[in-house]
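Novice: So you can see what is in the structure, the chains are spelled out below.
2 protein chains.
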Amino acid sequence: VRLALVGFGNVGRRFVELLRGPYGRILRRAGVHVRVTGIATARHGSAIDARGLSLSRCLKARSLQALHTGRPVASSLDFMRRVPADVLLELTTLDPRGGQPAIGHVRAGLRRGLHVITANKGPAACGLRSLLTLARKKRRRFLFEGAVMDGTPVFNLVARCLPGVRVLGFRGMLNTTTARILSGMEKGTSFAAALREMQDAGIAEADPANDIEGWDAAAKGCAIANALMDANTRPSQVERVGIAEVTPDDVRAALRMRNKIRLIVRGEREGRRVRVSVAPEALPQDDVLVAADQDGVLILETDLMGEIGILEGPSGVDQTAYALLSDLMAIAAERD
Amino acid sequence: VRLALVGFGNVGRRFVELLRGPYGRILRRAGVHVRVTGIATARHGSAIDARGLSLSRCLKARSLQALHTGRPVASSLDFMRRVPADVLLELTTLDPRGGQPAIGHVRAGLRRGLHVITANKGPAACGLRSLLTLARKKRRRFLFEGAVMDGTPVFNLVARCLPGVRVLGFRGMLNTTTARILSGMEKGTSFAAALREMQDAGIAEADPANDIEGWDAAAKGCAIANALMDANTRPSQVERVGIAEVTPDDVRAALRMRNKIRLIVRGEREGRRVRVSVAPEALPQDDVLVAADQDGVLILETDLMGEIGILEGPSGVDQTAYALLSDLMAIAAERD
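Protein sequences, first through last, are from chains P and V.
For the first sequence, this note's numbering assigns the number 1 to the initial residue and increments by one for each residue that follows.
For the second sequence, this note's numbering assigns the number 1001 to the initial residue and increments by one for each residue that follows.
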């Protein structure tokens, strides 16, 4: 299987590192031999080599340009037209409100007949229906397990483990940054200090407004609604309240009532629409949505199975990288 | 696909009811046509009909004998030798300490070359390794999703959604009866009254000692250790403390410290062994293991994905019946 990566930041680099170690072993055991034939970045050059790039050199190089063979790559779309690949990994940084540039990359990959895997929530949140239609037409897969709760199985869980089950609604705590800010405030840390901690740890989105104003949670809610409830919604349609207005007094008052405030995403059917909302809610301390030490909690309401929940423990880039492996294994299994 | 059921209690009956409705539709949509060719019970007779039994008559009949064709069925093993079937559903009532009679039924089914599905935890808890070896030799599947947390995906989650991931350990709240007794005691209900409520609702095991003394939790812990950590342990080897000694004073003292007491199962590697233990623990109110309104909580510690959790909301026989459908769909998919 020939892989092309668009975007080579934390997630892409970690994926490639693990491909040289445990991921490579897992793939080989499944009879899958993987070659990375191209990597495109916005600021560190791009490289294509049909014989397979040296992964250690890619990880070490300050610019990928030196590893490139053939005529120069003009743009990411030029890269995608030319890279000799079977599977495209779309890993660019994202605007969660509009979903670009990820959507354009996914579409270009599918049009060319590549399977596409992304860890970005944008494509599932902002344009899933047309992308899945395109994928079906091209008989290729478009997978995005990493879009929500990093690599914790959400989309694959429903697709592979709950055949025939209909998702009727959901509720979740899906944004780690706001959860950590609010739990910091419960311990007396100021909003600003808690946010700075998240940014220093590389957990907060580059633009903190994406977390604080609820855009990240809204995009995740849309991805779930679109993928699991066959909705056709987008972040701009979400009823969205962020946590910017939550004061230390609010947090303390909630604690006195044995409640915790968290940014909660909800999805429910309303006639033929699916209504997605994001807002801070004060919930009892023993409500599973506010449980300690969880980076994400998602409860699915279903027809045949009642409520099923999924929990994501303390997570980072390793989990997101694993989502790519898991999706890649699914594609490889189908090619057999 | 020809199905034979051994055991026709709450779970078996619910499965057959749903087979006439939503389960039948789901199977047909997947191109699977199902016929029930035999049902064996201990006290209500047995019936075999190669052309397929009338499900509505089976559900209504006081004894299955009237629906039987051919010479009488002498025993459940005689039934299993003769029933013309592809898949055996093992649904008898269980002794969770020794795993019988379920283990004998599973073995007989596999020996005859049937795929076997059970909702019983006994076979996975007490004899998994030899049963899986037999299944491999016969090129048949032995599946048991319903053994732990009813139909909530546990075994299928790891097998289908976490390829290559190693489970390093686990902790869980897996026994509903003790959780409801203890949460009743937090609200002032007596142990005995809370237990009676569970028995009246049909949630407690027939022999309350299985719940109270931790045998049920121990069997579930062994099933998880054997299936997901390649252990070879059994309930008698579990370090097991039940909740019989937990007093109202203990519960109140825990509450004052903002803790809740629950019966917790833990599994961890200790050299080449997996150590499984069951004991009441006092955990902080916001620990996910004691979250409100969950009939089961399981946290898996993994190598590549950190901690992943699975939650089972308020559940009953519908969830266990779904586990059978989910396993059946997996077998049907492989037969294609």
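Fair warning: there could be bad hints in the mix.
To be verified - Straight-line Cα separation of at most 20 Å, SDA-like style, residue types lysine to any residue; simulated pairs:
#, chain 1, residue 1, chain 2, residue 2
1, P, Lys187, V, Gln1285
2, V, Lys1187, P, Leu59
3, V, Lys1187, P, Lys187
As the list claims (entries may be wrong) - Which residues of chain P face chain V? A few of them, derived with a C-beta cut under 8 Å, are:
#, residue
4, Gly24
5, Cys58
6, Leu157
7, Met329
I should point out that these hints are in silico values taken from the structure, not numbers from a laboratory.
Computed from a prediction, not measured in an experiment: that's the story for all the values here.
We treat Cβ as the ideally placed atom computed from N, Cα and C, and that holds for glycine.
Novice: The structure should be examined with respect to each hint, and the outcome stated for every one.
Specialist: Checked hints:
1. P/Lys187 / V/Gln1285: With a Cα-Cα distance of about 16 Å, the restraint between lysine 187 of chain P and glutamine 1285 of chain V holds, given a limit of 20 Å.
2. V/Lys1187 / P/Leu59: violated, 58 Å
3. V/Lys1187 / P/Lys187: violated, 29 Å
4. Gly24: Result: violated, 10 Å to nearest chain V Cβ.
5. Cys58: Given a least distance of 21 Å, the restraint on cysteine 58 of chain P is violated.
6. Leu157: holds, 6 Å
7. Met329: holds, 5 Å
Consistency note: the structure conflicts with the earlier hints numbered 2, 3, 4 and 5.
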